[in-house]
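Both chains are sitting in their own frames, so use the hints and assemble them into the complex.
These protein sequences, in sequence, are chains Z and L. Heads up, the first sequence is in the working numbering, so the first residue is 2 and it goes up one at a time. Heads up, the second sequence is in the working numbering, so the first residue is 9 and it goes up one at a time.
If you are wondering where the hints come from, they were derived from the structure by calculation, not from laboratory data. In this text, a Cβ means the ideal position worked out from N, Cα and C, and glycines have one as well. Check each hint, because a few of them may be wrong.
Below, in silico cross-link-like pairs of lysine-lysine (DSBU-like), each with a Cα-Cα straight-line distance of 30 Å or less [stated by the list, open to error]:
| hint | chain 1 | residue 1 | chain 2 | residue 2 |
| --- | --- | --- | --- | --- |
| 1 | Z | K202 | L | K355 |
| 2 | L | K245 | Z | K202 |
| 3 | L | K355 | Z | K205 |
What follows is a set of in silico ranges between Cβ atoms, one per label pair, in the way DEER data are often shown [unchecked claim]:
| hint | chain 1 | residue 1 | chain 2 | residue 2 | range |
| --- | --- | --- | --- | --- | --- |
| 4 | Z | L19 | L | E116 | 49 to 59 Å |
| 5 | Z | M41 | L | E116 | 22 to 32 Å |
| 6 | Z | P80 | L | T299 | 23 to 33 Å |
What follows is each chain in one-letter form.
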Amino acid sequence: MTSSRLPYIALPAGRSRLLVALLLLGLAGLAGRAAYLQGMHNGFLQQKGESRHSRVIEMSAHRGMITDRHGEPLAISTPVESVWSSPQDVNATPEQLKKLASLIGTDIEEVRKRLDGSQRGPGRDFVYLKRHLPPDVAAKVVELNIPGIFLKREYRRYYPAGELTAHMLGFTDVDDNGQEGIELAWQDDLAGQPGSRRVIKDRKGRIVEDVENIRPPRSGRNVALSIDSKIQYLAYRELKQAVEANKAKAGGIVVLDAQTGEVMALVNLPAYNPNNRVGMKGSRFRNRALTDVFEPGSTLKPFTIAAALEAGGIKPDTVFQTAPGTFSIGKATIRDAHKEDALTVAQVIQKSSNIGSAKIALSLPPQALWEMLSDAGFGAPTGTGFPGEVSGKLRPYRTWRPIEQATMSYGHGISVSLLQLARAYTLFSSAGELKPVSLLRLDTPMEGKRVLSRDTAHAVSEMLEMVAQPGGTAPQARIDGYRVAGKTGTAHKPEGNGYAKNRYLSTFVGYAPASSPRFVIAVMLDEPSAGKYFGGAVAAPVFNRVMAGALRIRNVPHDAPSTSVMSITAALPLKGDV
Amino acid sequence: MIYQHDTGNPRNLPHFDQSLIWSAIFLLSLGLVMVYSASISIAEAGRSTNGYPAYFLVRHGAYLAAGLVAGLIAFQIPMRLWQKYAFHLFLLGVLLLVLVLVPGIGREVNGSRRWISLLVVNFQPSEFMKLFMVIYVANYTVRKAAYLGNFRKGFLPMLIVMLMVGLLLLLEPDFGSFVVITAIMMAILFLGGINLKLFTGLIGFVVMGLLTLIWVEPYRMQRFFGFLDPWDDPYGKGYQLSHALIAFGRGEWLGVGLGGSVEKLFYLPEAHTDFLLAVIAEELGFAGVATVVALFACLIIRAFVIGRQAALRERFFPALLAQGIGVWLGVQAFINMGVNMGVLPTKGLTLPLMSFGGSSIVVSCLALALLLRVDWENRQLMKGYVV
Numbered sequence: 002m003t004s005s006r007l008p009y010i011a012l013p014a015g016r017s018r019l020l021v022a023l024l025l026l027g028l029a030g031l032a033g034r035a036a037y038l039q040g041m042h043n044g045f046l047q048q049k050g051e052s053r054h055s056r057v058i059e060m061s062a063h064r065g066m067i068t069d070r071h072g073e074p075l076a077i078s079t080p081v082e083s084v085w086s087s088p089q090d091v092n093a094t095p096e097q098l099k100k101l102a103s104l105i106g107t108d109i110e111e112v113r114k115r116l117d118g119s120q121r122g123p124g125r126d127f128v129y130l131k132r133h134l135p136p137d138v139a140a141k142v143v144e145l146n147i148p149g150i151f152l153k154r155e156y157r158r159y160y161p162a163g164e165l166t167a168h169m170l171g172f173t174d175v176d177d178n179g180q181e182g183i184e185l186a187w188q189d190d191l192a193g194q195p196g197s198r199r200v201i202k203d204r205k206g207r208i209v210e211d212v213e214n215i216r217p218p219r220s221g222r223n224v225a226l227s228i229d230s231k232i233q234y235l236a237y238r239e240l241k242q243a244v245e246a247n248k249a250k251a252g253g254i255v256v257l258d259a260q261t262g263e264v265m266a267l268v269n270l271p272a273y274n275p276n277n278r279v280g281m282k283g284s285r286f287r288n289r290a291l292t293d294v295f296e297p298g299s300t301l302k303p304f305t306i307a308a309a310l311e312a313g314g315i316k317p318d319t320v321f322q323t324a325p326g327t328f329s330i331g332k333a334t335i336r337d338a339h340k341e342d343a344l345t346v347a348q349v350i351q352k353s354s355n356i357g358s359a360k361i362a363l364s365l366p367p368q369a370l371w372e373m374l375s376d377a378g379f380g381a382p383t384g385t386g387f388p389g390e391v392s393g394k395l396r397p398y399r400t401w402r403p404i405e406q407a408t409m410s411y412g413h414g415i416s417v418s419l420l421q422l423a424r425a426y427t428l429f430s431s432a433g434e435l436k437p438v439s440l441l442r443l444d445t446p447m448e449g450k451r452v453l454s455r456d457t458a459h460a461v462s463e464m465l466e467m468v469a470q471p472g473g474t475a476p477q478a479r480i481d482g483y484r485v486a487g488k489t490g491t492a493h494k495p496e497g498n499g500y501a502k503n504r505y506l507s508t509f510v511g512y513a514p515a516s517s518p519r520f521v522i523a524v525m526l527d528e529p530s531a532g533k534y535f536g537g538a539v540a541a542p543v544f545n546r547v548m549a550g551a552l553r554i555r556n557v558p559h560d561a562p563s564t565s566v567m568s569i570t571a572a573l574p575l576k577g578d579v
Numbered sequence: 009m010i011y012q013h014d015t016g017n018p019r020n021l022p023h024f025d026q027s028l029i030w031s032a033i034f035l036l037s038l039g040l041v042m043v044y045s046a047s048i049s050i051a052e053a054g055r056s057t058n059g060y061p062a063y064f065l066v067r068h069g070a071y072l073a074a075g076l077v078a079g080l081i082a083f084q085i086p087m088r089l090w091q092k093y094a095f096h097l098f099l100l101g102v103l104l105l106v107l108v109l110v111p112g113i114g115r116e117v118n119g120s121r122r123w124i125s126l127l128v129v130n131f132q133p134s135e136f137m138k139l140f141m142v143i144y145v146a147n148y149t150v151r152k153a154a155y156l157g158n159f160r161k162g163f164l165p166m167l168i169v170m171l172m173v174g175l176l177l178l179l180e181p182d183f184g185s186f187v188v189i190t191a192i193m194m195a196i197l198f199l200g201g202i203n204l205k206l207f208t209g210l211i212g213f214v215v216m217g218l219l220t221l222i223w224v225e226p227y228r229m230q231r232f233f234g235f236l237d238p239w240d241d242p243y244g245k246g247y248q249l250s251h252a253l254i255a256f257g258r259g260e261w262l263g264v265g266l267g268g269s270v271e272k273l274f275y276l277p278e279a280h281t282d283f284l285l286a287v288i289a290e291e292l293g294f295a296g297v298a299t300v301v302a303l304f305a306c307l308i309i310r311a312f313v314i315g316r317q318a319a320l321r322e323r324f325f326p327a328l329l330a331q332g333i334g335v336w337l338g339v340q341a342f343i344n345m346g347v348n349m350g351v352l353p354t355k356g357l358t359l360p361l362m363s364f365g366g367s368s369i370v371v372s373c374l375a376l377a378l379l380l381r382v383d384w385e386n387r388q389l390m391k392g393y394v395v
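Chain L on its own, in the form it takes in the complex (with noise of 0.2 Å):
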């Protein structure tokens, strides 16, 4: 499976690797119709909207179309200019980390100061900076190759970058943001090679560190504890969720059918962004679930043999990239369906690729569209050519 397109002629190969970009185009179609189904009734009641009821139909469109875009600008990019560029990247990452923290530039919605107002979207800096965090911590695991078993010269820089980037997301706050990016941090570290033992004591530390902040902040422990029984407090803190339940429930093997959700009525807040899925699960019952599930896992294998071809032609960066990558979309899918599945605490992520939201949307294309430079490069260096 992994190195089936290495027989035959290398020249005859396809451009493309086929099963991710299918897996990617099933996963955006099915989550624009499903955004649709989730926000018709919302957006035909909300004053915001105009009671216009494709109102988040035709924004989610908006957003494919501008990832679309973005997508094939980002993939014409060669690996190198990336890589060159990474630590700039990095800073515009920071820099918009601190501009939202502005009164004034940044938006509060919720209580939390997640949004730059960018005339007629809401740009989100967190979702950008989980890019750059990638791409930033590759080109880092690559630069300290060599130091990856030291400390301080190779562990200590990482742990002060991870602290302030992670500083700067608790003062949003965006706690989902800051575990996907600690997650996609530490798997690239283990992926490049890092000293076993320096990464034990990188886990402990994160565990508690996460469990401090946990205890620091009572709406957090109210959070973290009340997915373990929604019922107890089903009209409070376990609202959310126990309407989350409820749409599995009743979405059983096959769904109630497209269109057929009650849950999405106003009952499920967040129909359309963070619980998505409990929608699709109750309009398409678990044949829909199980399809999402099994998307993001061929994306994931996909993301990693990509990155173990690069790695055998020794392109240590773009291995670290599309494996990172893999394990950005794989954790954040793996949260959020964990979170409407009630497995895992409620938090602000969204499902990628498939949840309402422009910044989310142009993020995960430009993702994908690294993802699949790389696998061109691969390519080319394959048919004989020099990228």
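Here chain Z stands alone, though its shape is the one from the complex (with noise of 0.2 Å):
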């Protein structure tokens, strides 16, 4: 190496160490930075990291189950995965978009569209692109892998019953937030209360470490109702036929425990299949037997009965002449479907007469009258707290003008709701005594109001026995070994000012056994337009079904003779009735 060794070379010591000293100054100034950055400034620094990192998510609650009286799912929350994206960290071949396209039955456009990019923002990094998928679906998206596609576990309501109990149950929104019915009404405790826990997620959307558990999700509460599914299904299937039958508009069914007020049944139709609502109109889902209301008709003719028995002034056998079938009130004429020369005020029952009905109620004070049918509970909501649910209409009776006396008497000029008629005849199933009612099962009975006294509710009851006797408007209703108390109404509907001429709405509502009543029925079928109209040949033989059926399925005891005994004293029925 003699070329290195030239004359002028000469490699000063004190520069090598100058440069090998900045070279470890520098370094100890990154550990000394290191050190600043790790001990004393990494609170800042992971502060700063959490926001990033760090992420509170949710865990969605099971929503309670609403069940019958007997513990019979009516509503379950099933789990379903809802598939979600975080459309920046989206990065999938078209053969992978056109595949989870088919496998979540969503137009590949719309999924293009909704991981589009240019819509882009803070709020952007959570997009659902499919709700409530079954797990097996779910599963094959998971199989594709495509980073930034995400499932999250949520819970869908499920209908065992479908349309048999759709009306009473209502549903939820795709959230889960009851939207009708006992769902809306409930919700506060059939909705659990969502957890939520701290994790660490990976910058796409990725959980990679729990941290902690903020709050555990908590269930919801099951809410079991008063309804019976086997009467439930009785009265839907009887309903059902019925009103295909008659070719009805629509129809309802109530059906009360007698002794406790509790609602054992209810039903409307048309119905509605909960658990596919896909282009249901709104009005399909209408509980009318709670939300709309009727002029009731005839049905409300025992009430005042009831109210001219407490009274005082007449007994069940004091005569009313009748004739000639018309009955004039300044202009206005009130007629009888059957004309009769004079009834009995059992027989204004038994016959439904609507001039016995007018006679009597001008014999009151308009303030007797109006009381009674404000203690039955028309003009007032039943309190079951079931949203949407409407009072009535009950006029004030300074209002009054005679003739709106006389045709309240037989229910017109007032509405009312079918659950509300239903429970006012629990005045005369229990002895005088206004049962509250309820949709929810009872473990104990609430306390009734006395609203007549046993004498009045017992002579009403047994004109209303008559009914479904031969001579009574309804032997139809009658019942092989029980007693049946009950009161037909076929009342011509509202329209413009007036009446319509042949659109009717038929009603039946009774209890039996009369007496011991288990169960008071009210059955309403509107506009039935295949011939026959009365309330005595349409609804009657429902409510016979239904109040057979029940009584069967809870074995009730019988409280009168065989038939045979009664066919010896049977005598023609009345043709048709009022």
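Take a look at the structure:
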């Protein structure tokens, strides 16, 4: 290496030391900086880190179950998976996107639009692609293994009884909040409290570490309805058959426990399938028995009689003139469907005479009739807590004109709901006490309110029994082996300022066994148009079948002699009724 | 410390500088482990990696093996041959830097034309240019020793070389390598005894030049000032740095544990390359960072000691070569770590011996081999042999 031995070269040791010292000083400075960052400034940096890595995520809570009175599930929540994405992290081949779109059943253009980066923004790191997929389909989505696509556990509501309980239960929206019916009314009980936990996520949104449970999810409470599934099914089946046979526009049945006031069954038609509501009109969701009112017609007559009996002016055998079948008050004329010359008070009920009822009503001060109807629960909500429940219309007696007082006595100029009507009949089925109604199962029955004296209640009850007997307006309501009490109603439907000529609303309200009533059942058919329209011909047979079935289901002992004995006393039934 | 091996019988000396070798082995091994840790998630999610989690580990291991082979070969070559072919190597480096700019040969990544594709690997000429520059400038300084006080004869040719190489690097652009190569050149001239007035003038010139470059290209402005307050725009300009700093903060004194980094989970870009130290800081804490800093300090000291020992034997080219390598590794490590800790503006510079990158690893191994060769020749002379 002679070439390096040049005379002028010198490598000064000082410069070398200076340079190495500078480099080491720099490294020492870095060590100091690291110590500062990691030992002193770390609190600030970790806080900054947390704001980027750490997220609080919600854990869906299980919604409570709705059951019937025996614990039979009517609304249950099943786990489903929702597919969501963080669009900015999605990195999928066109092939993968196609598979994804077909799996979740969404148009591929729609999927592209949702994943579109141009809509990016602070709120764009969470986009639902599809809600509520069955777990097996969701598993296939996971198998696609597309970055930025995730699943979220949610719950979907399922109603095993379908349209049978649709109006009663209502339904929930996609976020599991009650929208109608019991689901809405008892939302606070049914809804659980979502829990939350803190996690660390990677930048693609995947959870890499559980930090802490902030709040565990709390499941919602179960709600037990007063409904008895078997009776509900029975009522639905019979109503459906009757609505179809009579070509009725709508119909409803309410079955009450005569002892406790609990609603054993409540059905409406037309119904809907709550498990698939796609394209359903809102009107189908209405629980007509609670949210619609109608003019009850003759089913209101027993209350007129009861008011008169309470006032003491008349007795069941007091006779009223009903000839010649018309009765004029001012310009208006009241007619009976079947002309009789004279009727006792009991026969006014049995044969459903409008004239008799009007005359009895006019013998009373308006206030007495009004108080009777008001005490029977008309014009006020029943207190079930059902959303949208109506109170009906009972005008103040001071505004009544005589003709109005007369027509009110047989159920016109007043509007009621089917549930109100059924409940009012507990006055006669429980010796003068008005039972509170309940949609929930009661462990201890609520106190009733005494409205009528026992004597009056019994007297009216006896008259109501005559309705279902030969000579009454509804012999078809009679059930073999039981004493049945009830009343028919056939009301012209209001139209404009007057009444429609040939559109009717047929009802029957009754209870059995009359000696110790177990059920009160109200049946209503809206615009039966297959020829028959009298309550005794249209509604009474439905009542008969539902009541007979319910009594059988509950093994209620007979309280009347068998058919053979009855047939001896059988007389020709009256034709038609009002 | 420096002269410890001079005591006792010289013939019983070990053949190699033990602390240099062990520092290097430790840094290379730690680098391999940390590259794996930092890259698992990226490799698993990546499409170019086929979702193979050990993709980067396997490659890094292969680079290390290639570096070892290259180093063993380089070690066999005597210093006089390196000196003899210094200019040829320099020309080769310039040729490569020109080639990388040719469309079709150079591969562009993220707006920079820094790589030449060689079938399976990408080859980065600027990394090799660093080594060639050390050899070339060391030789130049020795050759021009007589004129180092003369502006025209001793200084101007080097200035022209620097401007030419600098221009090629800035055309890629590779600002980081430009800074490192400039530092190497100035340091070797300084160690070689350049006139202090000229040197001061050179520093002034370089500082002016750097400022001009920063001023002319706005993105450098942004990069330059972005590091001063990353929290001003933490999701934009300050994104990368803010995540590196968060990684340091999360690591505290002893780290979150190997494999426990959250920042490497797609938050911190370049976690396995330029920002490997941040992952080390998060997983191994201050203890890990301090170890790395100490190992680099040891490398620098050994390089300078070997250089001085050569200088004492009047072996000037090996002396400058060894010290030049020390400056190179030291400056590049300093810049990379400084960038990671937010005290220097962000550059595309790897952490020597540790970061993922084939060219960087192979060149680092070559540099270590040359350092060991200088040391070995020193020892041979000490033992009385001729080299």
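Verification of the hints:
As the CA atoms of K202/Z and K355/L are separated by approximately 28 Å, the hinted pair is consistent with the 30 Å bound. A hinted pair counts as satisfied when its Cα atoms are at most 30 Å apart, and K245/L with K202/Z qualifies at roughly 23 Å. Taking the CA atoms of K355/L and K205/Z, the gap is near 26 Å; set against the 30 Å cutoff, the hint holds. At roughly 41 Å, the beta carbons of L19/Z and E116/L sit outside the given window of 49 to 59 Å.
Between M41/Z and E116/L the CB atoms are about 42 Å apart, so this pair departs from the stated range of 22 to 32 Å. At about 50 Å, the beta-carbon gap between P80/Z and T299/L misses the expected band of 23 to 33 Å.
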